[in-house]
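Colleague: Just so you know, the sequence shown maps onto residues 88 to 267 in my numbering.
Hints should not be assumed to be uniformly reliable.
Said to hold, decoys possible - What follows is a set of in silico ranges between Cβ atoms, one per label pair, in the way DEER data are often shown: (1) Lys199 to Val244: 27 to 35 Å; (2) Leu139 to Ala258: 20 to 28 Å; (3) Gly137 to Asp100: 25 to 33 Å; (4) His240 to Gly137: 18 to 26 Å; (5) Glu227 to Leu139: 33 to 41 Å; (6) Met230 to Val200: 26 to 34 Å; (7) Glu151 to Glu203: 15 to 23 Å.
Worth flagging that the hints you see were computed from the coordinates, not collected in a lab. The structure presented is a predicted model; accordingly, all values stated were derived computationally and were not measured. Where a beta carbon is used, it is the ideal one built from N, C-alpha and C, also for glycine.
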Amino acid sequence: LEKPRAGSLREDDARITGPHPSRVVVFQDPTLFPWRTVWDNVALGLEAQGILKAQRHRVDEVIELVGLSSFRNAYPHQLSGGMAQRVALARALVTDPDILLMDEPFGALDAKVRKELRQWLRSLHSEIHVTSIFVTHDQEEAMTMADKIVVMHDGIVEQMGSPLELYDRPANQFVAGFIG
88 LEKPRAGSLR EDDARITGPH PSRVVVFQDP TLFPWRTVWD NVALGLEAQG ILKAQRHRVD
148 EVIELVGLSS FRNAYPHQLS GGMAQRVALA RALVTDPDIL LMDEPFGALD AKVRKELRQW
208 LRSLHSEIHV TSIFVTHDQE EAMTMADKIV VMHDGIVEQM GSPLELYDRP ANQFVAGFIG
């Protein structure tokens, strides 16, 4: 969302920066519109693209995918924090993004709900196969959710690898301290 001061981000050898319809973000706060039902909140991305009429079935598919079919007509105040976060994720997934960016999506939730959502998201990810970048400061979350972890400190990549690689062979003291 911000222009980088240095370096580059690449997707399939093409440099990418800035917002793009094929990349969506799920933030820590689900930011659901209180006057819209679950269905209407999820439909928002398709509505904004002007393709909702042709894709109404897609909204129902994604709501079912995130396990909220029985809440499709509920309003945000009727949902738990974990359910609201799943609505935000569904809103992102309904547009079939190439890349899903998640900025501490479970940060505002209690430990029990975070753990449940981590397991749920991990199993969902094996179903949907979308490239996901998950930002977290929680070591347990990183170790249990990621195929690959990038440990950064002051904007610099300290080490990149699988959770096991980072745990067994930390590149430096900072990585060792982060991984625990």
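Colleague: Taking the hints in turn, state whether each one holds.
Modeller: Results for each hint:
Checked against the hint of 27 to 35 Å, the C-beta distance between Lys199 and Val244 comes to roughly 32 Å, which is consistent with it. Between Leu139 and Ala258 the beta carbons are some 47 Å apart, a value that contradicts the proposed interval 20 to 28 Å. Here the CB-CB span from Gly137 to Asp100 is close to 30 Å, well matched to the stated 25 to 33 Å. Remark: the range hint 18 to 26 Å for His240 to Gly137 is contradicted by a beta-carbon distance near 43 Å.
Separation of Glu227 from Leu139 is about 38 Å and conforms to the stated range, judged on CB atoms against 33 to 41 Å. Taking 26 to 34 Å as the suggested C-beta distance range, the pair Met230 and Val200 does not conform, at roughly 19 Å. Take Glu151 and Glu203: their Cβ atoms lie about 19 Å apart, and the range 15 to 23 Å holds.
Figure legend: structure checked against the earlier numbered hints; hints not met, in rising order: 2, 4 and 6.
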